[in-house]
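Working from the sequences, and respecting the hints, build out all of it.
Number 78 in numbering that gives the first Met the number 0 belongs to position 79 of the sequence shown; there are no gaps in the numbering.
Check each hint, because a few of them may be wrong.
What the hints assert, rightly or not - Capping the alpha-carbon separation at 30 angstroms, the derived lysine-lysine pairs in DSSO-like fashion look like this:
(1) Lys28 with Lys58
(2) Lys71 with Lys60
(3) Lys48 with Lys12
(4) Lys26 with Lys58
In case anyone wonders, no lab produced these hints; they're calculated from the structure.
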Amino acid sequence: MSPRAGKSPMNFKTMAQVDVPQGRNGKHKEVVTRILSDLDRLPPGIALKVPLAALAESKEKVRSALNRATHKGERSVATASDADFLYVWNESA
Numbered sequence: 000m001s002p003r004a005g006k007s008p009m010n011f012k013t014m015a016q017v018d019v020p021q022g023r024n025g026k027h028k029e030v031v032t033r034i035l036s037d038l039d040r041l042p043p044g045i046a047l048k049v050p051l052a053a054l055a056e057s058k059e060k061v062r063s064a065l066n067r068a069t070h071k072g073e074r075s076v077a078t079a080s081d082a083d084f085l086y087v088w089n090e091s092a
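So, in structure tokens, the structure goes:
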């Protein structure tokens, strides 16, 4: 008799644990990573000027994702926006 005899079938598919993606890569990860990378290279008193038209999501969603990332990384950044751009800069300590 097979070992599965008498057992009900699995409800979900399976995969090897080593193939399971680790970490959360949200839809804002690319733009937030690019912003943080540029912020690392900015001298004090300079802001990034991110075109809103280039964002896949709303400025509010990108700003929220950036806020989560900076708090997680214990960074202090500030943002502002107008009709065309999201401005981001490092806050002085």
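So, going through the hints one by one against the coordinates:
no.	hint	result
1	Lys28 with Lys58	holds, 14 angstroms
2	Lys71 with Lys60	holds, 17 angstroms
3	Lys48 with Lys12	violated, 45 angstroms
4	Lys26 with Lys58	holds, 13 angstroms
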